[in-house]
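Q: The residues making up each chain are set out below.
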Amino acid sequence: MIGALTWSVVAPLACGALCLLPGRAARWFALFGALVPLAVGLAALGDFARHPGADFRLVESYPWAASVGAGWTVGVDGIGAAMLALSGLVAAIATISAWNETRNPRVYHALVMLLLAAMNGVFVTLDLLVFYVCWEVMLVPMLALIGVWGGEQRRYAALKFFVYTLAGSVLMLAMLIMLWNRTPAGGRTVAVQAIEIQAHSHDGGATLHGLPVERFSDGSVSVTVPRGFDLRHLQLQWRTWEGERVLGMSLAAFGFLAVLLAALVKVPAVPLHTWLPHAHVQAPTAISVLLAGILLKLGVYALYRLAWPLFPAQALHWGWLIGVIGVIGILWGAWVALGQRDLKRLVAYSSVSHMGFCLLGLAGLTAAGATGGMVQAVTHGLGSSLLFLLVGVIYDRAHHRNVDGFGGLATPMPRYAWILLIAALAGAGLPGLAGFVGEAMALFGSFTAGGPFPWLGALAALSVILSAAYMLWTVKRVAYGPLAHPEHAAYTDLDARELAATVPLVVLIIVVGVWPAPLVDALRPACENLVAHVRSALP
Amino acid sequence: MIPAWLSSAILLAPLAAAVLTLLVPRSRPALAHGLAAGVMAGCTALAVWLATLIVPGGVAYQGPHLPWLDLGGLVLGVGTFVDPMGAIMAVIVGLLATLVLIYNAWYMHDDELAGRFPWQFSLFVFAMLTVVLADNLFMSFVGWELVGLGSYLLIGFWFAKPAVKDDAFYQQMKGAGARGILEDRLSPAHAQLKAFVMNRVGDAGFLIGIGALLAAGVASGVREPLTWSNLALIAQGGALPGTFLGLSGSELLTLACLGIFCGAVGKSAQFPLHTWLPDAMQGPTTASSIIHAATMVAAGVFLVARCYPLFTPDALAVVGWIGGITCLLAASIACVQWDLKAVLAYSTVSQLGLMFVALGAGAAAGGQAAGIGHLFTHALFKCLLFLCAGSVIHACAGHQDLHRMGGLMRRMPITAACAGVAVLAIIGAPFFSGFWSKDAVLAAALLHGQTAGGAAWGPFLLACAGSLLTAGYMLRWWIRIFAGHERDHAVCHHAHDPAWYASAVLIVLAPFTVMFVWSPWLGHALGAPHSEAHAHAHHSAMLVASGLLLVGGGFAVLAFWWKDAIAAAAARALRPLHNACGELWGIDRLWDVLFTRGLGAGLARVSAVLDLGTRDRLASLEGAAPSKLSDALSLDGLIDGIGRTCRQIGLSSAAWHDGRLGAYIGLAAVIGAAILLLGVLL
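Chains as they are written, first to last, in our numbering: chain A, 449 to 987; chain B, 7 to 688.
The hints are simulated quantities; they were obtained by calculation from the structure and are not laboratory data.
The structure presented is a predicted model; accordingly, all values stated were derived computationally and were not measured.
The beta carbon of each residue, even a glycine, is placed where N, CA and C say it ideally should be.
Be a bit skeptical, because a hint or two may be false.
[Said to hold, decoys possible] Looking from chain B toward chain A, a few residues come up when the C-beta cut is under 7 Å (computed): (1) Leu75; (2) Leu251; (3) Leu253; (4) Ser254; (5) Ala614; (6) Ala638; (7) Leu639; (8) Asp642.
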């Protein structure tokens, strides 16, 4: 009997296959395929909220490529659980928003399910090889979804997305091989800190991550790590990676660089972000929702799961640079969003700005900041999905996305205007809405961190002006004032399907904004543990 | 004994009103108004009860406190804290909210959007009470931002209204060459956006101030550093522990205070962020009456007073000077306004400046009590003034131009009398509340000038000049509307007092403008210091204020009631000054050119092209063909260039592998020569 986390990958795959069956049931299969990971993720998240802890739960392990030490090993901590829940939610909402897709709907939904399975694979796996495989598999359905179902310049945008992200992640493959290659065939014995055993050993210190613990008379503790790809085992060897040399630098530096490049392209961080506006503008609404709601988070997730735990000394050394990149993204993204006239592009740049807070929060290495970065990833998933849905709503009616081509839509579409206002205010970081929590935590974390981070936080604080300006200016130009075009008076307000897609997000944005404690409590232990792990690398 | 639920109930009642009225069908505005007013009245009653328990003893009360978020070693909480200042403020907020809701039921009786007003208004009041009753700075910030939301909703209440191009204010400004830069300048949709963004400019500073206090809190190892009691502990001795942005000690504390004050400059419409408030009168007059009185602008003054123990002398000097400059600047602009709400709007800005002058004088000079005292008296008479203005606008079928009014005293006696007492209060006439509170402000500033000397006299002198002008322009306002002859019969002939319940609201508010109702008691409740020096300063200030009142008020009566020619002659004689005031001293224009058009619309657009080039731009919008050059030089273009170069290298190197013997030999020769050359050179 396979466990819940495996189902969260298998169910979308199976539903994807069922989608291809003839008939009109594809969308129902797709919806079900998204609801399974949502249920699993929510259950796991609830467990972490009730019983906070930094350990991996729902762990299952099946042999797969035992000869190289790779296996289907899955498990989630608070971070993984939150990401899994988000991915299920966003996929379900994207499916609802594409409910009436007419262009080859069976293949469309099947590809979305394949994409979802690959993303969930990244979120639940504890095996680096599987992580990499899922990471690359994601590109294929995305390439097809943008390249076939996209707008006029879909082929350019799809190719750009593909080349950009592939080029970003190619070094990760090299890193993966090197890490394996530099581990002796018989495994490596490494010293372990007492706190790591405290945090992760379930049997009072007899084993750690399934490896027997050896204790010596001088009080030191060690485990013998086999050659393989288990992330928890690789993490134990981080000191070894610092010592190994490759290409004139330490293996740790190379590996850090490799993950960083792959992650920063996905986030996306300035100046590696220009694939995003093209992809968003060309992608159909539902694919934009998936892209902004989940795909960007994978970059942040890779930093939290790979770069920081595997190479803590490098994270400590280069943290300031990630903070600077984050702040540049926050300010430049907001600034450029202010100058956009294409609504989708505007939301895309607001994503660049908001995702910068994830980098800033993580880089400062405070519990508040690191947790805030992850909260921001979740809340941005809710907020930007909603914004893209709302752009899609008026695109369906007006067949253009020019922000100056609207005006006064609040009169014919009052419900739409209210939801747009809530989404914009969440994007502008209004307290009481979800967008505020992550931003405030990332800022407060930076303020209380050492080194250059208070300065970076102070610069990032200026973005509250810009985000209010571009978000509310957009609301004004779209919804308020007298009706700019008389033909818009005939526009209908949100219909049942559109409400079904947007209202759950609105409710979540308000609930998380007013009472963020469960989410934060679920995320905090894992983030605190990460910060402590990286800080333990201090010389 | 104070019941534990009391303060929380006061805080949550307006939120309950907002939720309840949100559920009332939009077609039943009277029901929604009644419901909201009823809940607000209950809230006011509870606030009065709480005040009677707290004010006489003069001790602060800490209500229930809950953690809201644990950030890992750093806790943010929610809870209530009430001291005499907060208790009285809560009473005033509740009282004015109740009265304004009742009044609004009449004011919007034929407005189809009226059903929206009660819930937005109640949300606004909830936000303000959050600021007033918060027991920590973080919760204040949350309330602060929600106040911004409430004002955004109310200013943009008539969201579909087009820009008022034939508005007197607009025409005058356009004639003077200052306004009309953006055609939709005076639409509610623009005003709400402007108010929110201008406030956010101040909030960015507020956040940095919070950052300084958080860093100090972490340095001193306090788990929840932002509660008022812990802040006082951390900032003991006028210095903060730790470093932040390269500052430490008392400099760091000054930074924190200036950050908080920066937020107050935005919210309380102080120079140079004051320009949003006059535009905000695009909202319903009833909304203005609460924004200008008990909520929104009051929040800034209240927060500075709440954080008063933190403020260093350096920070207070900045507070005093900004207040003084704003006081005179706004008063000078108010003198030449012809829109009846614009005069009141600038008078609010000016009076808020006066409050900051008092706060800048320091606690020893009685600044805190004076500033807060003036906030309270001002809240009541300014609310009354705006409600009277609403009656006049309603009576004159929406006209707001002072040129076309006059002689309304006979047609609407209740409004004229109530506006009259409110004007007497704002100009500080003896026996009115403004006389007492303005005297306290000037006395504090005077005493501060005497003790500190030198530049410390500046705020006092600016406040005196502002008070002189206030006497002039407020009397001019009343005389222009209510006294003399009817200038435009078409506008005025339907005028009458509002319905009985709206008139009753005016009549209920009017006694609060009289000094003996509450003023001496207020000074005692707020803990104004008593000494020989204070008494002496009060006498001097009273003399100065009376002199200013006689000169300013006398001129207004002469020039606007007795002989219009005097006003015209004065305007001619002071033409450059008159024009500068008419052009709002160029500040609005500067903001427009620099930020709205320059940075906002211009440079951001350029940045967008720098980032992505001009490709696939919207054909319907741009018209012009995409520019190849900017495409190639944009960030995206450069990255595409890398891709293109790789492709070119691939294509051209493919040519070397196509099996032509001559090419291979040529390539080998070139490489060999290069190696030889390198060998010789090295």
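Q: For each hint, tell me whether it holds in the structure or not.
A: To see whether the hints hold, each was checked on the structure:
no., hint, result
1, Leu75, "holds, 6 Å"
2, Leu251, "holds, 6 Å"
3, Leu253, "violated, 10 Å"
4, Ser254, "violated, 12 Å"
5, Ala614, "holds, 3 Å"
6, Ala638, "violated, 14 Å"
7, Leu639, "violated, 13 Å"
8, Asp642, "holds, 4 Å"
Hint violations for this structure: numbers 3, 4, 6, 7, all remaining hints satisfied.
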